[in-house]
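Heads up: the protein sequence lines correspond to chains A and B, in order. Residue 408 in UniProt numbering sits at position 408 of the first sequence, with consecutive numbering throughout. Residue 365 in UniProt numbering sits at position 365 of the second sequence, with consecutive numbering throughout.
Hints are computed from structural coordinates only; laboratory data are not their basis. Hints may contain errors.
Partner residues aside, some chain B positions facing chain A, computed with beta carbon under 7 Å [what the hints assert, rightly or not]:
1) Glu122
2) Glu130
3) Phe301
4) Ser305
5) Gln307
Which residues of chain B face chain A? A few of them, derived with a C-beta cut under 8 Å, are [claimed, not checked]:
6) Ala6
7) Leu78
8) Ala129
9) Gly132
Which stretches of chain A does chain B cover? Using the computed rule of at least three CB atoms under 8 Å from a CB of chain B, they are [claimed, not checked]:
10) 88-101
11) 160-174
12) 372-381
Quick reminder that beta carbons are idealized off the backbone N, C-alpha and C, glycines included.
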Amino acid sequence: MHRVFFPDFPWKTLQNNLHNGPRPGPYFKRITQLPLSLLSTTISCSFPANSSFVFVHLSCYFISYQVKNPTSLFSLKTMSYVSSNRKPLLSRKATNDGHAENCPYFDGWKAYDKDPFHPTQNPSGVIQMGLAEHQLCFDLVQEWLVSNPEASICTKEGVDKFRDIALFQDYHGLPAFRNAVAKFMGRVRGDKVEFDPDRIVMSGGATGAHEMITFCLADPGDAFLVPTPYYAGFDRDLCWRTEARLLPVVCHSSNNFKVTRKALEEAYAKAVEANISVKGLLLTNPSNPLGTILDRDTLREAMSFINEKNIHLICDEIYAATVFRQPDFISIAEIIEEDQEYNRNLVHIIYSLSKDMGFPGFRVGIVYSYNDAVVECGRKMSSFGLVSSQTQYLIASMLSDDQFIGKFLLESAGRLATRHNDFTDGLRQVGIKCLNGNAGLFLWMDLRGLLMESTVEAETALWRVIINDVKLNVSPGSSFHCSEPGWFRVCIANMNEETTKVALARIREFVLRNGNKPNRKEKCWQSDLRLRLSFRRIDDVLRSPCIMSPHSPIPQSPLVRTRT
Amino acid sequence: MLSRKASCNSHGQDSYYFLGWEEYKKNPYDEVKNSSGIIQMGLAENQLSLDLVESWLERNPEATEFTNGGTTFRDIALFQDYHGLPAFKNALAGFMSRIRENKVSFDPDKLVLTAGTTSANEILMFCLAEPGDAFLVPTPYYPGFDRDLKWRTGVEIIPIHRSSSNGFKITESAMEEAFDHAQNQLNRTVKGLLITNPSNPLGTTMTRHELSQIIHFANAKNVHVISDEIYSGTVFDSPSFVSIVDLALQHENSHNGDDLSSRIHMVYSLSKDLGLPGFRAGAIYSNNEAVVSAATKMSSFGLVSSQTQHLLSSMLSDEKFVQKYLSENRTRIKTRKQMLVSGLKDLGIECLNSNAGLFCWVNMRKFLKSNTFEAEMELWRRLIYEVGWNVSPGSSFHCVEPGWFRMCFANMDERTLAVAMRRIGQKEI
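Generate coordinates for the entire structure from the input sequences, incorporating the hints supplied.
What follows is the structure, given as structure tokens:
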């Protein structure tokens, strides 16, 4: 039998199937007697020449399963990977797991989808706390829309603009749009810096922006350093189609997850040793999932680091306006002005209106680069994800209304602060601490005290309990590549006050019922764990245990239920 | 300091196609302010029927409003599901079917929404090909493909040459030649063909026979076929439009067990038919579930604004409006095209016989000093600077024969077209 190795075969899909699907028997001829539950994450598949069966190799454990009738086992909706004569029908990118969506943590979303909380119709359902959305200020926007009907090209007040706007596809973007966005970005930063409208490049949300800047800066195989914990979507956005890679800069709770120069240097040195070309550093400020802002020293160190290594600095400032308390937000745009020696050609800011304004559906992504060549290239690439001219027009109107924006930013910060306090107070009352944060739409909750042992498996087990028993869909720290088990991101701005109270009550009740469990040194194989993740073997293979993509279905949206 | 992609010129913007635009921008025609400026005839836009859309908006304010009873602003602003607004996909599927006179029906679940066909074509390349692989594309073809198919994907375009000797039809031998050239001389794996039907820049639709030949060829070589049907709603004359989706279905019915339908994909957008290029409303349609699944995830990089989906779902669900629009639009395009064709004919200039599109493929070969592309460029410069027409030279569409020019007629009002016609009459070419 000729063995062919398919490194990009969707082994995670297979893995899920093997767990969720049929047990050995009709599909498997077990070659050894080790139980299926010891399936490792490093699976490779081979198609023998006659393709009537597939070997599933569990290389870590030297187990093989001969899978009979592979087409019936693999007959998922997503399976049309090979044509009848075995020539690959689709590309590697289309069939690998670079989209980072096939992962065990799908369970949280599944649980929510099956049983979504509703205050009256389903008060015992799962509360969605895994979605970083800003839903607290729509009343203000609604009010503005009613008073400004001309901002829409569909109303009788605005329809005279319809034609020009509908025809406008210039990738420079509507000048009014760029001016308004530049002004807004300045306002959000307390007008301490000014932004040049000619450096604003549109993209399909921050998702599109991250991919675009990566295409501009990196070749396949090049790497970006990124401090952990970080937003799981980066694995897809920066790596999937670009073939770039992310290398973690490990941060620890011992110093509140500060990004230290030492950690940066260590990560860089490791890359050099492994012969990996580092193209840049990616910072998210304010941080997702931490909810903290970077202090001036850290930003200066980062600038000095990238200047020394002559690598790029990408600053994702998507949560800039969610800073609700002192200390004030410091943008990299400020730091740049501090020292004329800094090479401005290395600095790029990613922005979007999805979080600050609460408009994820409008796909308003921005790349702001201090590098002229990047602006020029980015502009051409923006053709692949321009902002709808209809939306540009609306946003231009809204963001140029100084009075409205002033009121909005103030009110938004106030409401986020209140919501943050409600949660942190409520959690503190039952002895749960959160990282001290002043930004973001979430809390970074410390549940290390509730873990059976300090492992990812224990975190996963606790997470399943939170989903299934406490009925909250929160996001486990491992999905953000956090190096320490036991941290959870809890989103708090995507619900109303009633739901907040219910969520807090449930947490309180759970904690009081279970109390703090002491760390046990001895390991125990928990039979209810469906995945035995050998953490030490994870490294790059299990790159992205992840949370669901934010663009994945939210079936409970009334718009999805609508069928005309 | 930047990536190879950023530093190369695969974005294709150094092509004459775009340089003509630059010249126009420097000296644009305006009836009042600059009556001797350059008339833009290089932009394939449909400006003929926007008044119909405007009046629909005026008659249907509640359709796009945000109300507390129906869809709220909040619902729309939060909606970022990459599966797209079901109401919009249903309406779009219905609209696409109407364009094809209901001869084909489209399943909304097989639609993937993308930011225009620019994004749709790129996504399909990412899904179907590896860097270095090739797609065969019949010439002449839309210059934007050089960017959309090749730039960030690393895919190569191998041309299938068409010539005026048979009215620019695809032949089996031309396809074989291109395939052979790609595989054996260039050592590239051919992953598929990409056709534009109706054609840009020819303005013709493919016959059933041509499409069958293409499908037969793709089947034999086991490759994909992508049909860019962005101009499907601009077919104003017979022969009536035949969509690849229609033919694929027929082929499937007669060849059971074949997986051909998993290799046929269509691309569409509302930029040309509805004249809404700014809205970035494009789509991929495929029977291949794996392609739909992968493409849907990739669409995250360029989703259609939910605000725009909301507007368009209302508009396209209005069947009466759609029916009236499609019919009126076709009539206006036909009239305008005839104006250009007869105006040129009076000057002894012939156009390729066309039944679709927003442009004519004009034969200016007799004005060439020599049968070369240099002579074509020289003629083009004279057309821009002496006549004041921004038309697009055939070489920018990779045409193998010098002397052809694409001239757009639907992106201006009637008076401007009349001025354009008068100008050429006054000049000696």
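**Asked** Any hints this thing doesn't respect? Which numbers, in order?
**Response** Hint check: 9 fails alone, others pass.
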